[in-house]
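Visitor: Sequence:
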Amino acid sequence: MANFTREDLAFSGYSQTINLENNTNHIEILDRIYVDKVEEYEVIHFCNEFLKKYKVPQTKASFQKVESFLQHSALENEVYRTQLQEWIASNWIKI
Numbered sequence: 003m004a005n006f007t008r009e010d011l012a013f014s015g016y017s018q019t020i021n022l023e024n025n026t027n028h029i030e031i032l033d034r035i036y037v038d039k040v041e042e043y044e045v046i047h048f049c050n051e052f053l054k055k056y057k058v059p060q061t062k063a064s065f066q067k068v069e070s071f072l073q074h075s076a077l078e079n080e081v082y083r084t085q086l087q088e089w090i091a092s093n094w095i096k097i
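For the sequence shown, our numbering assigns the number 3 to the initial residue and increments by one for each residue that follows.
Among the hints, erroneous ones may be present.
Label pairs and their in silico Cβ distance ranges [unchecked claim]: (1) A91 with Y36: 27 to 35 Å; (2) S92 with T19: 14 to 22 Å; (3) K55 with N79: 30 to 38 Å; (4) I35 with H74: 13 to 21 Å; (5) T19 with K57: 14 to 22 Å; (6) N93 with F13: 15 to 23 Å.
Don't read these hints as lab results, they were simulated from the structure. Just so you know, these numbers come straight off a predicted model, no measurement behind them. The C-beta atom is built at its ideal place from N, Cα and C for all residues, glycine as well.
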């Protein structure tokens, strides 16, 4: 199982306000029910988490596809992790 990093992101310009190396509460930040789609570390974690949870190819292309879905206009106002995952999973082949 690959664990993709910031070098694998398709988009740039994410906020880097969370410093995971110095934040002892980083697990709580990444596993909360909301996803901050402009925070680089949260996007990376969400995309990797999605690849682990769903039976999709474990490739950089799939990682970037999840990332691009997070930017989809249908999800513009969605921040709940579960709803984001479900929408992406249900639209994986359609879009």
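Visitor: Would you mind marking each hint as holding or not holding in the structure?
Guide: Hint check results:
{"no.": "1", "hint": "A91 with Y36: 27 to 35 Å", "result": "violated, 18 Å"}
{"no.": "2", "hint": "S92 with T19: 14 to 22 Å", "result": "violated, 31 Å"}
{"no.": "3", "hint": "K55 with N79: 30 to 38 Å", "result": "violated, 23 Å"}
{"no.": "4", "hint": "I35 with H74: 13 to 21 Å", "result": "holds, 20 Å"}
{"no.": "5", "hint": "T19 with K57: 14 to 22 Å", "result": "violated, 33 Å"}
{"no.": "6", "hint": "N93 with F13: 15 to 23 Å", "result": "holds, 18 Å"}
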